[in-house]
Amino acid sequence: MKLRKYFNVYTKFLHTSLASELEYKTNILIDLITAILSLVGSIFLLSIFFQNNSSIGGWKFEQALIIQGIYTILNGITNTWFNPNLTEIVKHIREGTLDFVLLKPIDSQFFISLKKITPSGFLEITLGICLLLYCIKINQININFSFLTLSLITIICSICILYSLWFFISTTTIWFVKTWNATEVLRSFLYIGRFPLNSFSFSLRIFFSVFIPIAFITTIPSEVFLGLSQFWKILLEVTVTIIFIFSSRKFWLYALKFYSSASS
Amino acid sequence: MSKNIIDVRDLSKSFDITSKEPGLKGTIKHFFRRQSKSLKVIKNVSFKIKEGEIVGFLGANGAGKTTILKMLCGLIYPSEGSILVSGHLPYRRKENFLKKITLIMGQKQQLIWDLPPIESFYLNASIYDLDKKEAKRRIQKLSEMLEIDSELFIPVRKLSLGQRMKSELLAALIHEPNILFLDEPTLGLDINAQRNLRKFLQKYNKETNATICLTSHYMKDITSLCKRVICVHEGSISYDGKLDLLLKKLAPVKEILIVCRSEEDAIQLENSGFTVKNKTRNEITIIVENNSITSSLKSILNNFEIEDLYINEPPIDEIIGKILIKKDYGI
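Protein sequences, first through last, are from chains A and B.
First residue of the first sequence: 1, per the working numbering; consecutive thereafter.
First residue of the second sequence: 1001, per the working numbering; consecutive thereafter.
It is worth saying that the hints were derived from the structure and are not from the lab.
Since the structure is predicted, the reported quantities are computational estimates derived from the model, not experimental observations.
There's no promise every hint is true.
Derived pair list, reagent style DSSO-like, types lysine-lysine, alpha-carbon separation capped at 30 Å [what the hints assert, rightly or not]:
1. B:Lys1100 with A:Lys257
2. B:Lys1248 with B:Lys1048
3. B:Lys1020 with A:Lys91
4. B:Lys1133 with B:Lys1094
5. B:Lys1298 with A:Lys104
6. B:Lys1249 with B:Lys1206
7. A:Lys5 with B:Lys1108
8. A:Lys104 with B:Lys1133
9. B:Lys1100 with A:Lys104
10. B:Lys1108 with A:Lys104
11. B:Lys1048 with B:Lys1199
12. B:Lys1158 with A:Lys25
13. B:Lys1298 with B:Lys1279
14. B:Lys1040 with A:Lys250
15. B:Lys1003 with B:Lys1043
16. B:Lys1132 with B:Lys1206
17. B:Lys1248 with B:Lys1203
18. B:Lys1203 with B:Lys1003
Throw the hints in and build the complete structure from the sequences for me.
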């Protein structure tokens, strides 16, 4: 019953946000062009890095393209769901419109995380998938059931970690009111995720694995693609994901107790 | 006899407020070391509201009206005391409770800006678990009551403020709540839009027996909708009772405008011992206490040659102005 209600509401979310976006045709066109140019630019940058080196951090150009593919998918998901919704949390809290969300008989986290979508992000997701398919071909990856399952699990985990991190930062707005910069820093860290983790120094690798788990976000799914990942790494990623999702949820519910609403 | 639907006892709320000295020095000091202090904005407030009642909350800006309203609907956790709204603890925001209430804020909007309001109505309907048929029926009924029809299909950004407010009301009432919290619902609306909104609220209250808690700075909202008012002064309740009684107490006098036959008569009247408010040629306005109106009129009619006279109540805004700054009304 509840699941049906949430499904109905999400269908309405999709419908209303698509309709809102389609009101501005030029904007969608610009977004689509930006997505294509961004991918072309990133591949060009990567090819410059590999011009004089056949491998960086043990990764060949063809293999590094997988990371670029996963990054493009994640960036597409970020632009489709996270960016329009999670940056809006700050606005909701500053302007007090979170009041409307909290007074609806629906989970507030569900509402503020999924209300909007930016359809142009779908192109990025599609481009990312195309790039991955191309990588499967050039790296001669053997597709089988376990490969598909593990790839899917690790990519879903990556999406969940990224979401939780972003949501966690946005939640702190309840105390600090303005946290635009923090979410921008997170996006910059995601850019780092375009490069293999092994190409960084040891201390940076520790930083990106422990404090900001960028390593889990792009490198582990890529290793799974290449059949290089050990089982314990995948298990670790799943564990980290569960911890992140669970703690960001708890943190949100805890933070709401301190919500004081904006003055009228 | 209606039952109490809202029961508030010894309710208090404190906020941590930071303060900053002016100038660059103050800004730097504020950045590194914030001076904050706990401020009790609501102080031991208690009241009960019966089912179907329309109660107006009066008070100056910052008196605490909106904070009380937000605690009643569960947005803010109370620091001390207890609140029971329709048998629920509001701050727990249980689904059953949320389905019974609604909050409408004149200065904030929930409608989707780029789309016609009808899209927001159907979205809200799905959140409140209404099927399409029922949602359609309710939208039709409410849009008839609110007299909005073609506006339902025009993007919100192109609607006038009055049309937008009506649409906001429809979006907030689609689940047929029986407790309405209205925070300055007529803010910025023109006279006609204000009147229409008040008419609608009266009708809604009559038809559904919904309880309405209202704050407004437009005194016409309060006088035409609320029989009972709760005056909030610096976080405490300074008056809770009938509006009529309060107005009588605060306005114990009436103004009588007398048009005399000649200027000489007016001068004679001016010197006859009445309290004169103002005088222009043959017109004179005197102030008379409510309990001596009859005897004063008798004396004037017997002793002076007059052409016409008018008895006026003091302007309601003037009286309410007193409520905003006074703490004790002697009632």
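Quick rundown of the hints versus the structure:
{"no.": "1", "hint": "B:Lys1100 with A:Lys257", "in the structure": "holds (22 Å)"}
{"no.": "2", "hint": "B:Lys1248 with B:Lys1048", "in the structure": "holds (23 Å)"}
{"no.": "3", "hint": "B:Lys1020 with A:Lys91", "in the structure": "holds (24 Å)"}
{"no.": "4", "hint": "B:Lys1133 with B:Lys1094", "in the structure": "holds (26 Å)"}
{"no.": "5", "hint": "B:Lys1298 with A:Lys104", "in the structure": "violated (62 Å)"}
{"no.": "6", "hint": "B:Lys1249 with B:Lys1206", "in the structure": "holds (29 Å)"}
{"no.": "7", "hint": "A:Lys5 with B:Lys1108", "in the structure": "holds (27 Å)"}
{"no.": "8", "hint": "A:Lys104 with B:Lys1133", "in the structure": "holds (21 Å)"}
{"no.": "9", "hint": "B:Lys1100 with A:Lys104", "in the structure": "holds (10 Å)"}
{"no.": "10", "hint": "B:Lys1108 with A:Lys104", "in the structure": "holds (16 Å)"}
{"no.": "11", "hint": "B:Lys1048 with B:Lys1199", "in the structure": "holds (25 Å)"}
{"no.": "12", "hint": "B:Lys1158 with A:Lys25", "in the structure": "holds (18 Å)"}
{"no.": "13", "hint": "B:Lys1298 with B:Lys1279", "in the structure": "holds (21 Å)"}
{"no.": "14", "hint": "B:Lys1040 with A:Lys250", "in the structure": "holds (29 Å)"}
{"no.": "15", "hint": "B:Lys1003 with B:Lys1043", "in the structure": "holds (26 Å)"}
{"no.": "16", "hint": "B:Lys1132 with B:Lys1206", "in the structure": "holds (27 Å)"}
{"no.": "17", "hint": "B:Lys1248 with B:Lys1203", "in the structure": "holds (27 Å)"}
{"no.": "18", "hint": "B:Lys1203 with B:Lys1003", "in the structure": "holds (21 Å)"}
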